[in-house]
Amino acid sequence: MSSLRSWILRWLTTTNHKDIGILYMVTAMYFFLVAGTLALLFRVQLAMPESNFLSGKAFNQAVTVHGLVMLLWFLSPIQFGLANYFVPLQIGARDLAFPRLNALSYWLYLFSGLLLIVSFFVPGGAVDGGWTLYAPLNTAAFSPSKGFDLAVLAIVMLSAAITLGTVNFMVTIAKMRAPGMTWDKVPMFTWSILFTILMMLLAFPALAAAGLLLLLDRLLGTTFFLSVEGGALLWDHLFWFFGHPEVYILLFPSLGMLADIISSFTGRPLYAKRFVLVAFMAATVLSYIVWVHHMFITGTSLLVRKIFSVTTALISIPFEMATLALILTLYKGRIRYTSPMLFAIVSIPLFIIGGATGVFNAAIILDRAFRGTYWVVAHFHYIMAGTALFAVIAGLYYWFPKMTGRMISEKLAKIQLILAVIGINLLYFPQFLLIDMPRRVFRYDYAPEWITLNQLSTVGAFIFAASFVVALIALIHGMLRGRPSGDNPWGAWGLEWLTRSPPPPHNFDGQPVVTRDGRILIVPEKTLEEQGVDKVISGEAKVSVTGVMTPNGTAGHQSPSHAHGHAHGHHGSMEPMMLALGMFVAFVAMPLGNMALMALGALVAFASIAKWVLDEYRGRFSEPEPRYREEFPFVGIDKFKVGLWTFIAGEGFLFGSLVGAYIFIRTRSPAWTPGIELHDVAIGLFNTVVLFTAALAMGLAYYNARVGNVGLQRASLAFALALGLLFMFTKAYEWSKFAAEGYGLTSTMEAQLYYTLTGAHAAHVLVGVLASLYALARSLRRPYGPQDARTLLYIGIYWGIVDIVWTFIFPMFYLI
Amino acid sequence: MAQQITPPDELWWLTFNQFLIGALVLGTFVSIVFAYFAIRYWEKKVKPNEAEVVLGPGRVAPGTSKIGWTRYTLVVTGIIVTLLILATFPRTDYVEASPPETDLVIWVTAFQFGWEFEYPNGKKVVNTLVLPTDTVVEFKVVSRDVFHAFGIPEIKGAKIDAIPGILNSLWVKTPSEPGELNVVCYELCGVGHSLMVGKIKVVPPDEFQAFLQST
Ligand code: HEM
Ligand SMILES: [Cu+2]
Ligand SMILES: [Cu+2]
Chain X
0 MSSLRSWILR WLTTTNHKDI GILYMVTAMY FFLVAGTLAL LFRVQLAMPE
50 SNFLSGKAFN QAVTVHGLVM LLWFLSPIQF GLANYFVPLQ IGARDLAFPR
100 LNALSYWLYL FSGLLLIVSF FVPGGAVDGG WTLYAPLNTA AFSPSKGFDL
150 AVLAIVMLSA AITLGTVNFM VTIAKMRAPG MTWDKVPMFT WSILFTILMM
200 LLAFPALAAA GLLLLLDRLL GTTFFLSVEG GALLWDHLFW FFGHPEVYIL
250 LFPSLGMLAD IISSFTGRPL YAKRFVLVAF MAATVLSYIV WVHHMFITGT
300 SLLVRKIFSV TTALISIPFE MATLALILTL YKGRIRYTSP MLFAIVSIPL
350 FIIGGATGVF NAAIILDRAF RGTYWVVAHF HYIMAGTALF AVIAGLYYWF
400 PKMTGRMISE KLAKIQLILA VIGINLLYFP QFLLIDMPRR VFRYDYAPEW
450 ITLNQLSTVG AFIFAASFVV ALIALIHGML RGRPSGDNPW GAWGLEWLTR
500 SPPPPHNFDG QPVVTRDGRI LIVPEKTLEE QGVDKVISGE AKVSVTGVMT
550 PNGTAGHQSP SHAHGHAHGH HGSMEPMMLA LGMFVAFVAM PLGNMALMAL
600 GALVAFASIA KWVLDEYRGR FSEPEPRYRE EFPFVGIDKF KVGLWTFIAG
650 EGFLFGSLVG AYIFIRTRSP AWTPGIELHD VAIGLFNTVV LFTAALAMGL
700 AYYNARVGNV GLQRASLAFA LALGLLFMFT KAYEWSKFAA EGYGLTSTME
750 AQLYYTLTGA HAAHVLVGVL ASLYALARSL RRPYGPQDAR TLLYIGIYWG
800 IVDIVWTFIF PMFYLI
Chain L
0 MAQQITPPDE LWWLTFNQFL IGALVLGTFV SIVFAYFAIR YWEKKVKPNE
50 AEVVLGPGRV APGTSKIGWT RYTLVVTGII VTLLILATFP RTDYVEASPP
100 ETDLVIWVTA FQFGWEFEYP NGKKVVNTLV LPTDTVVEFK VVSRDVFHAF
150 GIPEIKGAKI DAIPGILNSL WVKTPSEPGE LNVVCYELCG VGHSLMVGKI
200 KVVPPDEFQA FLQST
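Residue numbers (numbering that gives the first Met the number 0), protein chains in the order written: chain X, 0 to 815; chain L, 0 to 214.
Chain L extracted, bound-state conformation (with noise of 0.2 Å):
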């Protein structure tokens, strides 16, 4: 049923390679500049005919100096940085809108120090969710006491803040394997913040629904 939707965590790992690979080029090339100059220009490297030293004792560095049209090239990083940024929008729109389609919508309430799990039926657990494999899950995420953020560790960009008074949401693509995975409170919420841990269960979906009728 939801094969083709793209889940939002290969979308993260695209993005975040991206701005890896970014940022290993331009930092790379940077970094190989600054050390070069570093040694090049050392006092025991450089010969007295290179080295122009302008400023001493006795003297304030002038506020001008005549560099000309090299120093526009310093935000040329910056510019790569915004665009990069901006070309994010696009799956960010995909990400934070509802799912394309939602097979299932799970509300989750934080309180300290734990979490509840209502299903579409009405059924609550405590903690322990179950899920079937391979579904497009929506999480409708409140809070009852103080501010929480709900997030699973194992499923890149799947976190979202559980705030007093405010209802945020959140979808996954459960994993096509069964599997167990955590469900971490991300935002420091007291002193059982710490062991605010859930569990995941990802289970085949005939599996689910026996476990969906159950009481």
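One chain only, chain X, in its complex shape (with noise of 0.2 Å):
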């Protein structure tokens, strides 16, 4: 009893990344299950032209659902399951670098893709407006359900998750690899979780805008995607801002598990790793202008959908290199066909039929057939269910031995396989020749040329289904019944596989260094000092190593009594998930209404962030650092330096999203009231000044810790928490001020872009009030020195942005 209550514990409250990384994965096989229940059955109502399986609605619920769940909470999902369990490990770190913030940013994806699954049971049911959630059908006056109400949530909370997630990869894959790991030597896989990171940095701040937007339009009445100004356009910008990062989002991983799998059974290296690199990040840069290519009909000069189109067809090069590349990786290897060779090759042409037919929607002309169809249907399922979802499965059972210390049966892996490889293509490709059958429709009586090649569809989908039972056999019996793997089972390079299967807590039984010429050395922590980093890395040094192989593949480590360098501390911690959960209540209870649940959820959601800062103010999980390496454009700054820039970036394009909305709608408007006529411009200054003056008491409280005038240190801060106290105290005074002359929130569009830029920046100081009153606290208990000024720095850092973002909306507001 009391080892099942510690089984549990460990599990809601694990910060191990590879603990996590199987919570992320086992969560995702669970919402690709309900993902596709839910294609199961609208695949059995389209069997005939003119089912009654499914009403309208729950029909509309089930292709919304599905599309959600399939791109948000599975796909990206289970591919960050493995970048958590493996790309620490590829690059020889102990953990991610920020574990609790992991382990929030897990839970708040669990509870965010419930709070969509509990959307079927609340009054109005499920989301139904399309993935794509298009304007003005998403606001409440045409879909009044609370459902959807729930499913904009769920898409803001994973959204926090995903920043959250950004921050973390960033700063492990850019502080945290082994010495002598240099950039040139990241495996693909690590490497496409960078690129992927960063599209993500940008894209889902644009879809947290949209979201934020769209809540206050639903649930307290304002009119951004309802006003002809706004509106369905505004929407399409934003969404498709995000949406198409977001395609190759899922793709980047997916391709990077491809490249080392490849790699690995061929014993041959990427082709042309450097090139493909450089295409990498061209299409990363590439994919924030093309996202006009899903907007070719609405109506947009046709001079902007040309350069869409030419864009469109630029970032269709990258991946071209990148396919050629792997095709060429084959070239002089030794091809061992194990069960994740099998399916990597697989998704190779399933790539090219994808990524061809894109070509044809980049073309204009073309597109105004396909948009809107089933052959748009195939062409991205081709690379999503085809290439992105084969590649995970490949990479599944590549690392499933290193996860379990067991082998996946090849039997049932090739027997999935073959059911894979008929279904989908018996599922999607008669989906290409329906080129004319509009989506998301129930019925189509009007057509009966389409009948049969939609039962063909059917039937596939069924087989396609039937291999994912395999699979999840196949799973199953490789836990409980498979072969022991030993250590290295595919004779594959690499660091993860110079470690035990499954490997320790802190990863690896010494400090692995990458020497020059591309050696891998676990080396014992006391050697290390003995030696010197340089000289073990530049191979001159005699190390007695642990991580050599054997010629059967099996690491010949030491024993693991002895072999620990650090001991990696366990710890395991409950907030991150309470305050996931405190929020997850709060939110179901917030467009239903119930205000106690509500306050209960958010008492939850307080108390866990309370908890949490109480515990870095004892300093309770303060750790010393291995040793990493550093590396250009990352020298010298500090892992929590990186992580608040990047968070910071993140933040900033959530307002170049509001920004931008803000420009859209105005530049839209017929007439606009100047901010001079509507507000006083001397309290916007006041405020200006309060707020600059805030920024520059946290300098001089910086200064005052570095030079260790504590006195001058507590006045600075005390100070700086009053001006930001009273730049809220203004605020409100303007804000009930504005109320009270008639212009409410959902007055004037005017007004509701005021209230809703200042209301997001007011939040932004709010955050930077109570990390005020932290440090104010912190230094009132125990002052701060030299060695730790730089929590005030960050601080500092954070003001600072608070202000620039203040400086753009301040004339944008008080003045134009």
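By construction, these hints were calculated from the structure, which means they are not laboratory data.
Since we're looking at a predicted model, the values are computed, not measured.
Please note that the accuracy of each hint is not assured.
Lysine-lysine pairs mimicking BS3-like chemistry, simulated, CA-CA at most 25 Å apart [said to hold, decoys possible]:
#1 X:Lys541 - X:Lys525
#2 L:Lys123 - L:Lys200
#3 L:Lys139 - L:Lys200
#4 X:Lys410 - L:Lys44
#5 L:Lys123 - L:Lys139
#6 L:Lys198 - L:Lys122
#7 L:Lys198 - L:Lys139
#8 L:Lys43 - X:Lys410
#9 L:Lys122 - L:Lys139
#10 L:Lys44 - X:Lys331
#11 X:Lys638 - X:Lys610
#12 L:Lys139 - X:Lys305
#13 L:Lys200 - L:Lys122
#14 X:Lys413 - L:Lys44
#15 X:Lys331 - L:Lys46
#16 L:Lys198 - L:Lys123
#17 L:Lys43 - X:Lys331
#18 X:Lys640 - X:Lys610
#19 L:Lys43 - X:Lys413
Covered by chain L, per the in silico footprint, the following chain X stretches (three or more residues, Cβ under 8 Å) [what the hints assert, rightly or not]:
#20 295-304
#21 319-331
#22 342-348
#23 351-362
#24 369-377
#25 479-493
For each residue, glycine too, the CB sits at the ideal point set by N, CA and C.
Put the two chains together into one complex; each comes in its own frame, and the hints tell you how they fit.
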């Protein structure tokens, strides 16, 4: 009994990257079952042109939730489950940079997904506007269901989880690579995760901004997506600015896995790796400037569309390069067709089909026919359910022995592969021929020629589904009965295979070091001390290494008992789970108008944050850092700073999206009352001064911490805090005055934007106020000294950013 | 009257076929290379001296490898693709501009869940439109409530979004034979989206004139 309790407690409180990786994967598989079942339901419906199996409403709910869950709660998360587990291993780190933040990401992800699922059971039922949630159908006027609110809340919650995740991976990959792991030696999977988070960092804030505006519309009565000035096109731009990078976010990790797996089973490094990396970089940048290709028939100006048509054609180049590079990696290899390799190989032709049809879509003249039809459905499913998903299966089977110490049955995997290949082609190829059939219809009695194709597709769907039943059996069988695998059953390259299966909590029995010529050594900490890291990397040092491979491919490591370099403290922490749970409860209650439940949820969430901060305050989680490699452009910047700047970038893009919405609405408004006529510039100026002085005060506090003047340190902190509060009070006064003048939140478009943007800004000021409060309390108890003054620097940087945002908002609303 | 005008759907098919040929040629070539390598270097087929295995346990893949100029061939397909897209622009201009000459303008208002059509003489019909054969028709498309998309599945490329507050237009040339076409909504617009199906009856010109004058 108590062992069961401790088992449950372990999974609820774990902060270890491998545990969290497993949690991600298991959760993602659950969501996959949900979304897959929904897909089977609507495929049954579509097998007949006039079926009554599902109602129109149920059908729309099924396709919508299917799409959202597959993209946001299955495919990306299962890839990030693998990334959680294997990025630290691949680069020789002990964990992700911020383990508790990582746990928080996971719990936010889980509960946001549950929020979406719960929405089936609230009045009005689940969201049914299509995964793209087009405006103005997404407003309460046309879709009053409470489930719709929950879906939007879920999306916003997930965006938060993902932003935290990007911070974590950014810092880990930038700052925590093993000595000698130079950028060009970083494995492709880790590289692909780096590019993926760069895209996430820009894309998800746009989604969050769209979601927040939509929530204001739905819950508080603004009209951003209902009005003609904003409306359908505002949503289109915000959504697809997120949506296009998102499709590459789903693809990149899979391409990374393919590269590493194919390298392993051919014994050849990825062909022209540097070239491919440049291609990935180009695709990352270009992914932000192709979104209008989803809007080729909205009536945007032809010149704009042509530009986006060309960028779309250009962005296909990196993917063609990646495909060809994968193929050329086979050249002069010695290919071993194990189950992971088979899945990897099969995903390439699927990519050729999906990519080739993408090029068709890029032509404006052709896309007029494709838009909104099953052709597009076939295009992206070949890539996502094909390439991306097959690569994920390859990755799961490749790393399964490492995670469990057991092998997957090759026989079951091959049965699965055959079913999957037949299934996916039967499912999606006919959809290319359904080129005239509109998406998301549950009846098509006017076109009998579509019936057979739909029936083929439905049969394919069931065969494809059967392949996943086999996969589930294979996974469970492997876990319980699989042949013991040893440490490196595939004879694979890379750091992750130089530790035990499953790896110990601290990952490596020693410090991994990569030599200049690409050998990996697991060096005992003592030896490293004696010989010096540089000598070990250059290969001059004589080291008795622990991680050398014996010919049969088993790592001859020391017995674990005396191998621990650092004992990696396994801190459990309940707060991340409780925080996410509290948010979940509050969010479920919000659209239902259940104030008591909402208050309860908020209370739990805030209590968890308080507890968390208190732990930091007491320094419970500080731990010595192992040695890592520093390299351009991150030399001499500590990990908190990298994390902070990454986070700030995300916040910047959130405000950028909101400002973008402002500009969009304003340029389309026939008349606009300038801010100077609506607001008191004097008050605005006063608040500007207050805000800037607050940042200055934080700077002073930092300076005094450096020079050791405790009195002035405390005084500056108190001053900063007071100014922050003053700003908030002035803001509150201004708001109530404006509202009293008849400009409520739902009045004019000017007022709506004013409250939204200054409100978002004030929320950030509030965080600054709380941070200053924390710093003051800490300082009163234990003054900051030169060694930890950087905490104050970070808070100061944050204040500075809040100021910069204000310098944009001030003229937007008080002057022009 | 409109005999000499090239209908947009003809250009659509022309372009589509060109892309299809391009895709098939490139795709087949790449697939053959792929299949050849995949079999040729299979461990059961490859001779020991042909394989150069450089990566194995205890190593990381090097960042650089000596490949030389061949890596530049990676961009060849991409360049072909970009040129293909650029080549479509003159046709795109033709299709996207107003028709060279217009015989008939129809105002289309999409609503939840149906289509309202208005003729130049003010005659309004719902869901069933009558058009003459062999005629250049321009549709002016708006929406009364949410985002819809007006499309005629039988005519390739005859599709345009119907968005509240935005006026979009689209032109087609009707078939030369009398018959029936569908009007379908291509953007999810609510629970009745699937049922938002209208008809276009294409009739001989004299029959059309008679219809237009009737009340
Ligand atoms: C060769 C590169 C590619 C090109 C040129 C391309 C082009 C396009 C274009 C122009 C569209 C809009 C079609 C329309 O709605 O009318 C589209 C849709 C889409 N593509 Fe691609 N694509 C490419 C690769 C990918 C990849 C790699 C993915 C996913 C991993 C992907 C996923 C999607 C999705 C999800 C949609 C439809 C979104 C929706 O309307 O629901 N595409 N693609
Ligand atoms: Cu796109
Ligand atoms: Cu519709």
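Are Lys198 of chain L and Lys139 of chain L close enough, with their CA atoms no more than 25 Å apart? Distance ~17 Å between Lys198 of chain L and Lys139 of chain L Cα, so the pair holds.
Starting from Lys410 of chain X, check that the Cα of Lys44 of chain L is at most 25 Å away, please. Holds, at about 22 Å.
Compare the distance between the alpha carbons of Lys331 of chain X and Lys46 of chain L with 25 Å, and conclude whether the hinted pair is satisfied. 10 Å, holds
Is the straight-line distance between the alpha-carbon of Lys123 of chain L and that of Lys200 of chain L 25 Å or less? 15 Å, holds
Can the restraint linking Lys198 of chain L and Lys123 of chain L be considered satisfied, given a maximum Cα separation of 25 Å? OK: Lys198 of chain L and Lys123 of chain L at ~14 Å, within 25 Å.
Does the structure keep Lys541 of chain X and Lys525 of chain X at a Cα separation of 25 Å or less? It holds: about 13 Å lies between the C-alpha atoms, which stays within 25 Å.
Coverage claim, chain L over the stretch 295-304 of chain X, checked by counting residues with Cβ within 8 Å (three needed): holds (count 4)
What's the verdict on Lys139 of chain L and Lys305 of chain X, does the C-alpha distance respect the 25 Å limit or exceed it? Holds, at roughly 22 Å.
Can you confirm whether the C-alpha distance between Lys200 of chain L and Lys122 of chain L stays at or below 25 Å? Holds, because 16 Å separates the two Cα atoms, which is no more than 25 Å.
With a cut-off of 8 Å between beta carbons, are at least three residues of the stretch 479-493 of chain X near chain L? This one holds; 5 residues, not fewer than the three required, reach chain L with a Cβ under 8 Å.
Can you confirm whether the C-alpha distance between Lys122 of chain L and Lys139 of chain L stays at or below 25 Å? Between Lys122 of chain L and Lys139 of chain L the Cα gap is close to 15 Å, so the pair holds against 25 Å.
Would you say the stretch 369-377 of chain X counts as covered by chain L, given the rule of at least 3 residues with C-beta under 8 Å? Since 3 is at least three, the answer is holds.
Violated hints are absent here; each numbered hint is respected by the structure.
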